[in-house]
Structures are given as structure tokens and as C-alpha cells.
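Chemist: Keeping their order, the protein sequence lines are chains A and B.
All residue numbers for the first sequence refer to my numbering, where the first residue is 1 and numbers rise by one.
All residue numbers for the second sequence refer to my numbering, where the first residue is 1 and numbers rise by one.
No lab work stands behind these hints: they were computed from the structure.
Bear in mind the structure is a predicted one, so any value in this text is a computation, not a measurement.
Incorrect hints may have been included.
[Stated by the list, open to error] Facing chain B, from chain A, some residues (calculated, C-beta under 7 Å): (1) A65; (2) Q68; (3) I120; (4) A121; (5) S122; (6) V126.
[Claimed, not checked] Here are the simulated SDA-like cross-link-like pairs (lysine to any residue), alpha carbons at most 20 Å apart as the crow flies: (7) K125/A x K122/B; (8) K122/B x N95/A; (9) K107/B x K141/B; (10) K122/B x T90/A.
Note that beta-carbon positions come from the ideal geometry of N, C-alpha and C, so glycine has one too.
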Amino acid sequence: MESVFGLVGKDFAIVVADSSAVHSILVHKTNEDKIMLLDSHKLMGASGETGDRAQFTEYVQKNVALYQFRNGIPLTTAATANFTRGELATALRKNPYMVNIILAGYDKDVGPSLYFIDYIASLHKVDKAAFGYGSYFALSMMDRHYRRDMTVEEAIELVDKIISEIRSRLVVAPPNFLIKIVDKDGARQYAWRESIKDAPVAAA
Amino acid sequence: MRRKALAFDHFLHLNVGKCSNFGSGVIFEYNGSALVAMVGKNCFAIASDRRLGVQLQTIATDFQKIYRIHHTLFIGLAGLATDTQTLYQRLVFRHKLYHLREERDMKPETFASLVSAVLYEKRFGPYFCQPVIAGLGDDDKPFICTMDSIGAKELAKDFVVAGTASESLYGACESMFKPDMEAEELFETISQALISSVDRDCLSGWGGHVYLVTPTEVTERILKGRMD
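When you get a sec, could you build the whole thing from the sequences and use the hints?
Modeler: As C-alpha cells, this is what we get:
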């Protein structure tokens with residue numbers, strides 16, 4: 001089962017996701033990117049039904065871009081979170097998206113923020129969040145070690161502790177994780193944590 | 001022909017092993033909540049717990065369940081968190097429109113009828129919420145009421161309760177309540193009733209949130225209880 005977790009630090013937010021694409025007992029690939037860059041200063045880590053995840057995060061990404069084209073200014077993280085919740089809530093009683101989302105963003109006036117959005121469209125602004133079986137370990141580790149004013153180095157140390165805990169204690173532990181960070185300089189990939197390297201894709 | 005999967009079908013597995021008396025009540029226990037409103041002498045108090053959970057896991061301990069409609073009207077929403085958020089947005093929208101047209105705030109009795117109508121609209125696909133409404137009506141007379149998820153109003157002169165801890169809350173309120181309490185005594189009473197009730201319910205707790213409303217001021221207080 002997919003693990004996604006995130007936390008807010010002093011002036012940044014981090015989202016971490018595992019990178020296995022699994023169908024029943026088969027692992028299709030181990031370097032799947034589940035954290036979408038919505039715009040220059042937003043990250044959306046998603047877990048759940050594979051098709052819904054890919055389609056829904058892309059849908060939100062394109063709508064965020066559309067807003068910026070139409071209005072000339074980017075959406076705030078809070079507005080993006082509420083838009084996402086609205087889309088999930090509207091679809092809920094017709095054709096629900098089975099996607100759990102952790103939305104991280106950096107706004108100049110507000111600083112870093114993190115939003116927990118359930119697949120049934122429950123929205124809450126939080127300092128730390130996690131989904132999946134890995135959440136049992138991630139939330140406990142964060143309850144113990146997390147502080148609101150962590151530096152990037154301290155946060156990555158905590159992330160590594162969490163990944164190590166998931167790898168050692170979860171029976172179907174995902175081998176590889178992807179870490180992305182968002183701060184005043186923008187949203188970007190921070191690092192991979194790989195214990196299995198996928199074979200490189202041959203040229204077509 | 002296989003029927004299309006409906007939104008809450010995956011909750012069906014939760015009914016396995018559960019007492020048949022619960023029926024589909026399990027969906028009201030998905031997030032966990034405790035709400036209570038009490039009437040005092042020319043004042044009222046409305047209180048909630050602060051937990052947001054997903055079944056056994058606690059997600060947050062600062063989740064807002066009481067919303068302000070206008071300066072003397074509050075609505076607490078218990079039940080499924082996503083529906084409480086949707087319902088709150090719809091009600092605030094309706095009240096803002098009312099305010100623009102009527103150039104005044106809604107009376108609590110009117111608002112209660114509005115909530116009832118909005119809930120009954122979804123009679124055959126309801127919002128899984130139980131609202132608790134509290135406000136000061138004409139002549140600053142306190143008004144409280146609750147309703148079920150399809151809008152059956154229940155007016156009360158003393159107290160109303162809602163949420164996963166409602167049974168404990170009924171007992172605690174019945175024994176602690178006295179009519180015509182002043183603001184400070186009302187605050188003490190509602191706080192004790194809330195804390196003692198949520199301590200017996202694993203799905204609600206992590207502190208309390210109390211609003212005390214008199215004709216002249218609104219006081220908001222956070223309670224510290226057992227943080228589990």
C-alpha cells in the first residue's frame with residue numbers, strides 16, 4: 001500500500017512518497033513519481049487508485065495554471081486546497097476519486113503550509129500528515145521528533161528515520177522513496193532514497 | 001448486471017461483525033465528534049471536542065466543529081467531516097445571500113428551518129451530519145435546537161447534544177444542568193459535561209472548544225482535558 005507523508009519546517013515544507021507502482025502482487029515499476037508540481041511553489045503528493053491519482057493531480061495542475069493565465073496571479077496554497085476539496089466533494093456522490101492528497105505550498109505572506117485532504121474530501125490544515133500503512137509509523141515518529149522550527153537538515157534526518165522505520169517494520173515495505181521540498185525559492189525534487197534501482201528504459 | 005459502485009460502498013466491510021442494531025450508523029462514527037449546547041440566563045454556551053480522526057487514527061487535535069454564522073448565531077456540526085464542511089459552506093452562502101437581500105441577520109429559528117430544509121432536500125442521499133444550532137433570538141432570548149441527518153428538528157429549553165459521545169453527553173447534561181445559570185456557571189457546567197463525556201468515548205476528545213455568548217459579548221475558550 002502506498003505511503004505518502006509530509007511536514008512543515010521553519011520556512012519550507014517537505015512531501016515524501018514511495019515510488020512503487022503496484023498491481024495486486026506485481027510491481028510494475030519502482031521509480032514512479034507520485035508528487036506532482038502544481039506550479040512554481042506548490043507540491044501535491046497523492047496516494048490511492050493509480051488512474052485516479054494520475055488523472056486527478058493533472059486536472060488540479062492544469063486548473064491551477066488556468067487560473068494564473070486568466071487572472072495574472074498564482075493561486076494561494078489555501079485556495080488550491082479548497083479548490084481540490086471542492087472537486088473531490090462534487091465527485092464524491094457521483095463518481096468518487098479514490099485519491100488521498102497532501103498539498104504543500106509556500107506563499108510569500110503566509111510562509112509554508114501543508115494541507116491534509118482525504119479521499120472523501122475532508123480538508124484540514126496541518127503541520128504533519130501521512131497516508132497509507134506507512135502512516136502508522138510516520139505519524140508516531142513525527143509525534144516524537146517533530147518541531148515546528150526544524151531546519152531542512154533536521155527535517156531530512158527525521159524523514160530518513162521514518163523511511164528506515166517503514167522499510168524495517170512494514171511487511172510489504174516499498175523499497176524506494178522520493179523527497180520533494182518547497183520553500184521561498186520554489187518547489188523542486190530534493191532527493192531519492194533508493195534501495196532497488198530500476199533497469200534503465202531502453203530507447204525506442 | 002453488476003451495479004455501479006456507490007460512494008460509500010467500501011464502508012460495507014465495516015459492518016461485518018457489528019451488531020445489526022447499528023445499521024448504517026457506522027458512517028457517523030468515521031471521524032468522531034462531540035457537541036453540546038446549553039441555555040442559561042439570557043445567554044447560551046456551545047461546546048465541541050477538537051479531534052479529527054479517520055476511524056482509529058487521529059489526524060488532528062485542533063479541528064473546528066463550531067462555526068459562526070453571525071455574531072449571535074452558531075452552528076456546530078457533528079458527523080462525517082467532509083459533509084460538515086460542505087454543509088457549512090452551503091449554509092454560509094445561503095445566509096450571506098439572505099443578508100444581502102433582507103439587510104439583516106437571520107433569526108436562529110429561521111436559520112434552523114433553513115438547515116432543516118437543506119438537509120431534507122437530500123432525503124434519499126443525505127449529508128451524514130447532525131447539526132446543533134444555538135443563537136440569541138428576539139429580545140436576546142437564547143434558542144437552541146438539534147436535528148437528525150434528514151432535518152427532523154428537536155427544540156429544547158435546556159440542552160441539546162450530538163455526536164459519537166451523545167449518549168454520555170445526555171447523561172452528563174441531565175445531571176449537571178440547572179435552569180437560569182449565569183454565564184460563568186454555565187461555562188463551568190458545559191465544560192464539565194463535555195470533558196467527562198468525551199473521556200468515555202475513544203472517537204472524541206483531545207480537548208474542548210467552548211463559545212459562551214451573551215447579548216454583549218462572545219467568549220471563546222479552549223479546554224484542556226485528557227489528551228488521548
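Chemist: All the hints need checking, so say for each whether the structure fits it.
Modeler: So, going through the hints one by one against the coordinates:
Because the closest C-beta pair between A65/A and chain B is about 25 Å apart, greater than 7 Å, the hint is violated. Below 7 Å, beta-carbon pairs count as interface contacts, and Q68/A has none with chain B, the closest being about 24 Å; its hint is therefore violated. For I120/A, the shortest C-beta to C-beta distance to chain B is roughly 5 Å, which falls under 7 Å, so the interface hint holds. Below 7 Å, beta-carbon pairs count as interface contacts, and A121/A has one with chain B at about 4 Å; its hint therefore holds.
Given hint, S122/A at the interface with chain B, holds; its Cβ is 4 Å from that chain's nearest Cβ, closer than 7 Å. For V126/A, the suggested interface contact is upheld, since its CB lies about 6 Å from the closest CB of chain B, less than 7 Å. For the hint linking K125/A to K122/B, the alpha-carbon distance of about 28 Å lies beyond 20 Å, and the restraint is violated. With a C-alpha separation of about 17 Å, the suggested pair K122/B and N95/A falls inside the 20 Å cut-off, and the hint holds.
For the hint linking K107/B to K141/B, the alpha-carbon distance of about 11 Å falls within 20 Å, and the restraint holds. The suggested pairing of K122/B with T90/A holds, with an alpha-carbon distance near 14 Å, which does not exceed 20 Å.
Checked against the numbered hints above, the structure violates hints 1, 2, 7; every other hint is satisfied.
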